[in-house]
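Work the whole structure out from these sequences, hints included.
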Amino acid sequence: MKYAWLAAGLVLGGAGCAASAAAAADTEAAQALLRANNCTKCHSVAADKDGPSFRRTARGLAGRPNAEEALLKHLTSGEPATFPDGHEEPHKVVRTVPANDLAQVRNLVRWILEQK
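Okay, so the sequence shown: first residue is 330 according to this note's numbering, each after it adds one.
The hints are simulated quantities; they were obtained by calculation from the structure and are not laboratory data. Incorrect hints may have been included.
Unchecked claim - Computed list of lysine-lysine pairs in DSSO-like fashion (alpha-carbon distance at most 30 Å, straight line):
(1) 402 with 445
(2) 370 with 445
(3) 370 with 421
(4) 402 with 378
(5) 445 with 421
(6) 402 with 421
(7) 445 with 378
(8) 378 with 421
(9) 402 with 370
This one's a predicted model, so the numbers in the text were calculated from it and none came from an experiment.
Have a look at this one:
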């Protein structure tokens, strides 16, 4: 009986790992989209520039249930971004090929949120 519980735990644990792996971002595609949109002009992985680092963004959104949707909105709506000197400008909307491909932008969002 003890081993039946252990086996069930391993099966369920393995299923959870598979689900997590399926949600992982495609790093190469995310970085290609970053380059195509010149995101690294204002952002980097670890250091703040005119915009926050991806790591700072990920840490700031960590634990928020709506983190993915909030970042997706920021990258697709042109909402204001605040610069170090305090002025605001509309954030550049992420462009994709084909146009308006939210799957590509969601992958980028997942990649950013993984940079903790």
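Hints, verified against the model:
| no. | hint | in the structure |
| --- | --- | --- |
| 1 | 402 with 445 | holds (20 Å) |
| 2 | 370 with 445 | holds (20 Å) |
| 3 | 370 with 421 | holds (11 Å) |
| 4 | 402 with 378 | holds (21 Å) |
| 5 | 445 with 421 | holds (23 Å) |
| 6 | 402 with 421 | holds (12 Å) |
| 7 | 445 with 378 | holds (17 Å) |
| 8 | 378 with 421 | holds (15 Å) |
| 9 | 402 with 370 | holds (20 Å) |
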